[in-house]
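*Asks:* Sequence:
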Amino acid sequence: MTIPIIFSKLLGKKIIYISAGSLKKRNDDNEIIRIIENSILKRINYQLSDKICLYSTRMADATFLLKYKSKIFISQEHIIDREKLFISNPINRRNLIVGYVGRFSSEKGIINLVESIKLINDIEKDVHFLIIGEGPLKPYIEEFSKNNHLIDVLEIHEWVDHDKLNYYYNQFKILVIPSYTEGLPNVMLEAIFSGTPVLATPVGSIPDYIQNNLTGFLLPDNSKESIATNILSVLHNPNLEKITENAYNSIKEKFILEDNIKQYAKVIDDLLVGN
Numbered sequence: 005m006t007i008p009i010i011f012s013k014l015l016g017k018k019i020i021y022i023s024a025g026s027l028k029k030r031n032d033d034n035e036i037i038r039i040i041e042n043s044i045l046k047r048i049n050y051q052l053s054d055k056i057c058l059y060s061t062r063m064a065d066a067t068f069l070l071k072y073k074s075k076i077f078i079s080q081e082h083i084i085d086r087e088k089l090f091i092s093n094p095i096n097r098r099n100l101i102v103g104y105v106g107r108f109s110s111e112k113g114i115i116n117l118v119e120s121i122k123l124i125n126d127i128e129k130d131v132h133f134l135i136i137g138e139g140p141l142k143p144y145i146e147e148f149s150k151n152n153h154l155i156d157v158l159e160i161h162e163w164v165d166h167d168k169l170n171y172y173y174n175q176f177k178i179l180v181i182p183s184y185t186e187g188l189p190n191v192m193l194e195a196i197f198s199g200t201p202v203l204a205t206p207v208g209s210i211p212d213y214i215q216n217n218l219t220g221f222l223l224p225d226n227s228k229e230s231i232a233t234n235i236l237s238v239l240h241n242p243n244l245e246k247i248t249e250n251a252y253n254s255i256k257e258k259f260i261l262e263d264n265i266k267q268y269a270k271v272i273d274d275l276l277v278g279n
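Numbering (this note's numbering), first residue to last: 5 to 279.
FYI, nobody ran anything at the bench for these hints, they're computed from the structure.
One or more of the hints may lead you astray.
To be verified - Cross-link-like lysine-lysine pairs, in silico, DSBU-like; alpha carbons within 35 Å at most:
1) Lys-71 to Lys-18
2) Lys-270 to Lys-88
3) Lys-266 to Lys-17
4) Lys-246 to Lys-46
Stated by the list, open to error - Ranges of calculated distance between the beta carbons of each label pair, as one might list FRET restraints:
5) Ile-44 to Ile-83: 28 to 36 Å
6) Arg-107 to Glu-147: 15 to 23 Å
7) Ser-230 to Val-164: 34 to 42 Å
8) Tyr-252 to Met-5: 50 to 58 Å
9) Glu-138 to Ile-255: 24 to 32 Å
10) Ile-83 to Thr-6: 41 to 49 Å
11) His-240 to Tyr-268: 41 to 49 Å
12) Val-164 to Ile-255: 20 to 28 Å
For every residue, glycine included, the Cβ atom is placed at its ideal position computed from N, Cα and C.
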């Protein structure tokens with residue numbers, strides 16, 4: 005976004021920059037690129053912007069943004085359609101199916117999740133996995149599944165229409181988000197509205213909505229060993245139904261379109277008055 009931000013600034017435009025991800029470690033594929041992206045380009049974007057939109061105050065603390073405190077406002081771009089996301093299959097009736105919905109790329113931690121499946125399968129044969137998405141790591145995932153004889157317990161599904169996601173969320177006993185970086189993931193909110201408990205890494209705004217063992221579950225780290233141990237623990241948690249209910253109640257009055265429109269309208273009005 006740095007080049008369009010610079011051009012917009014040269015044209016005298018007001019800039020509202022929405023920072024969607026945390027700047028914690030993403031992966032080790034290319035450390036130099038990561039440093040340039042996170043430490044240099046992001047700082048230029050923050051400096052040139054008139055307003056900075058974050059999903060939570062926690063993100064401000066995690067992304068060295070406190071120096072720009074006067075520019076920051078907290079909002080969500082996320083809107084939940086209550087007619088398309090709902091509980092159709094109570095959690096206590098679901099089979100032991102672990103779900104993942106997202107891009108098959110390294111920053112999402114998908115490799116760690118897939119490699120944890122072998123560890124889980126060595127312990128408990130009844131647990132099945134359904135991962136939905138596409139991405140550059142799909143060939144590796146398919147090869148790993150084949151080489152480790154996981155085809156019977158791991159189903160890899162291409163992207164599905166958003167209107168059909170509620171069906172899949174209602175099949176999952178748990179949704180796993182093992183990401184290295186996130187802002188506020190849509191899949192987390194959608195799962196909660198569908199009555200599905202979430203196990204996730206504590207990055208971005210996730211800890212603002214997932215309180216460990218109260219409204220969901222947080223991974224201490226996203227290593228394959230940690231993921232495997234925590235998936236097995238969550239699947240057999242005796243309080244799973246109550247935790248799912250707590251999560252739903254904590255967000256059921258949030259992420260409404262009209263509220264977001266009003267907030268952004270006020271920010272834009274304030275910027276225009278500043279002219």
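*Asks:* 41 to 49 Å was suggested as the range; check whether the CB atoms of His-240 and Tyr-268 agree with it.
*Replies:* Because 43 Å falls inside the window, the suggested range holds.
*Asks:* Does the Cβ-Cβ separation between Val-164 and Ile-255 fall within 20 to 28 Å?
*Replies:* holds, 23 Å
*Asks:* Is Lys-246 within 35 Å of Lys-46, Cα to Cα?
*Replies:* Since the Cα atoms of Lys-246 and Lys-46 sit roughly 40 Å apart, the hinted pair is violated (cutoff 35 Å).
*Asks:* Within 24 to 32 Å: is that where the Cβ-Cβ distance between Glu-138 and Ile-255 falls?
*Replies:* holds, 28 Å
*Asks:* Tell me if the beta carbons of Ile-44 and Ile-83 are separated by a distance inside 28 to 36 Å.
*Replies:* holds, 33 Å
*Asks:* Using the C-beta atoms of Arg-107 and Glu-147, is the stated range 15 to 23 Å upheld?
*Replies:* Holds, at about 18 Å.
*Asks:* Does the hinted range 50 to 58 Å hold for Tyr-252 and Met-5 at CB?
*Replies:* violated, 34 Å
*Asks:* For the pair Ser-230 and Val-164, does the Cβ-Cβ distance stay inside 34 to 42 Å?
*Replies:* Roughly 28 Å apart at Cβ, these two residues miss the hinted range, so it is violated.
*Asks:* Holds or violated: Lys-71 and Lys-18, Cα atoms, limit 35 Å.
*Replies:* With a Cα-Cα distance of about 20 Å, the restraint between Lys-71 and Lys-18 holds, given a limit of 35 Å.
*Asks:* Between the beta carbons of Ile-83 and Thr-6, is the distance compatible with 41 to 49 Å?
*Replies:* violated, 28 Å
*Asks:* Is it true that the CA of Lys-266 sits at most 35 Å from the CA of Lys-17?
*Replies:* holds, 22 Å
*Asks:* Given the hint that Lys-270 pairs with Lys-88, does the C-alpha gap stay at or below 35 Å?
*Replies:* Holds. Lys-270 to Lys-88 sits at ~29 Å (cutoff 35 Å).
Going down the numbered hints, you'll see the structure goes against 4, 7, 8, 10, while the others check out.
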